[in-house]
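The listed protein sequences derive, respectively, from chains A and B. Under our numbering, the residues of the first sequence are numbered 15 to 128, in order. Under our numbering, the residues of the second sequence are numbered 6 to 117, in order.
These are computed hints drawn from the structure, not numbers from a lab. Keep in mind that a hint or two might mislead.
Simulated crosslink set (SDA-like; lysine to any residue; CA at most 25 Å straight-line) [unchecked claim]:
1. Lys-62/B - Ser-72/B
2. Lys-51/A - Asp-73/A
3. Lys-14/B - Lys-82/A
4. Lys-85/A - Asp-45/A
5. Lys-19/B - Gln-95/A
6. Lys-14/B - Arg-73/B
7. Lys-51/A - Lys-19/B
8. Lys-62/B - Gln-17/A
9. Lys-82/A - Met-46/B
10. Lys-19/B - Arg-77/B
11. Lys-68/A - Pro-96/A
12. Lys-51/A - Ser-72/B
13. Lys-62/B - Thr-59/A
14. Lys-62/B - Ser-85/B
15. Lys-51/A - Ser-85/B
16. Lys-19/A - Thr-20/B
17. Lys-82/A - Ala-55/A
18. Lys-19/A - Lys-14/B
19. Lys-70/A - Asp-45/A
Stretch by stretch, here's where chain B covers chain A in the computed footprint (C-beta under 8 Å, at least three residues) [said to hold, decoys possible]:
20. 43–57
21. 91–98
Quick reminder that beta carbons are idealized off the backbone N, C-alpha and C, glycines included.
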Amino acid sequence: DQQVKQNSPSLSVQEGRISILNCDYTNSMFDYFLWYKKYPAEGPTFLISISSIKDKNEDGRFTVFLNKSAKHLSLHIVPSQPGDSAVYFCAASAGETSGSRLTFGEGTQLTVNP
Amino acid sequence: NAGVTQTPKFQVLKTGQSMTLQCAQDMNHNSMYWYRQDPGMGLRLIYYSASEGTTDKGEVPNGYNVSRLNKREFSLRLESAAPSQTSVYFCASSPQGNYGYTFGSGTRLTVV
């Protein structure tokens, strides 16, 4: 039972355009959401997060949007750069009931073409 | 450099062999985790240790055991390797109650 789903295995965009990566979740107990970025032969690295009390969080070129009623979140990258090419994982936590455990999605391979 | 160190980086095992994956962190983090990454399945939690002296099962614990040797080290043992355990294994750590995981660079394990 995949509680966090990223339905697009891959996404290709042109440099300078917007990249939108999507993530859906089923567990209504999830209250904290994160995006991790992974380059080949490296471990994932933390990118940006959002608490369920917010619907938007920005950090430079990266913005995460949360729609709790739809159980959906998205990561926007504007403008996209070739160095953003990586696998992006969405992750979620059920707060105090799960300690610090994260449930990850399947990942989306983003390719930004020069 | 500070971070999470995993050894070995690559390993090939025959079915039925045993091995231990090592993980050490030098950030004084309380919590440590073992995940496996498989194509189309993302990262799945095998075991975790919320603090020194405690360990708990994650989503996919069967076939594995763990030891939290001290605050720095958290090892993952495969007692009798199976081809289904072919995967990339990641160790991570975090301050207790914090979701900002720091991951190691992974161990690519192939069981033939």
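Hints and how they fare:
1. Lys-62/B - Ser-72/B: holds (12 Å)
2. Lys-51/A - Asp-73/A: holds (14 Å)
3. Lys-14/B - Lys-82/A: violated (39 Å)
4. Lys-85/A - Asp-45/A: holds (11 Å)
5. Lys-19/B - Gln-95/A: Given pair Lys-19/B, Gln-95/A is violated - Cα atoms ~43 Å apart, limit 25 Å.
6. Lys-14/B - Arg-73/B: holds (20 Å)
7. Lys-51/A - Lys-19/B: violated (32 Å)
8. Lys-62/B - Gln-17/A: holds (17 Å)
9. Lys-82/A - Met-46/B: holds (24 Å)
10. Lys-19/B - Arg-77/B: violated (30 Å)
11. Lys-68/A - Pro-96/A: Not satisfied, since the Cα-Cα distance of roughly 30 Å exceeds 25 Å.
12. Lys-51/A - Ser-72/B: Given pair Lys-51/A, Ser-72/B is violated - Cα atoms ~28 Å apart, limit 25 Å.
13. Lys-62/B - Thr-59/A: The hint holds at about 23 Å.
14. Lys-62/B - Ser-85/B: holds (18 Å)
15. Lys-51/A - Ser-85/B: Roughly 33 Å separates the two Cα atoms, so the pair is violated.
16. Lys-19/A - Thr-20/B: Judged against 25 Å, a Cα distance of about 32 Å means the pair is violated.
17. Lys-82/A - Ala-55/A: Violated, because 34 Å separates the two Cα atoms, which is more than 25 Å.
18. Lys-19/A - Lys-14/B: Distance ~28 Å between Lys-19/A and Lys-14/B Cα, so the pair is violated.
19. Lys-70/A - Asp-45/A: holds (14 Å)
20. 43–57: holds (count 6)
21. 91–98: Not satisfied, violated; 0 residues make the cut.
Comparing the model with each earlier hint shows violations of hints 3, 5, 7, 10, 11, 12, 15, 16, 17, 18 and 21; every other hint is respected.
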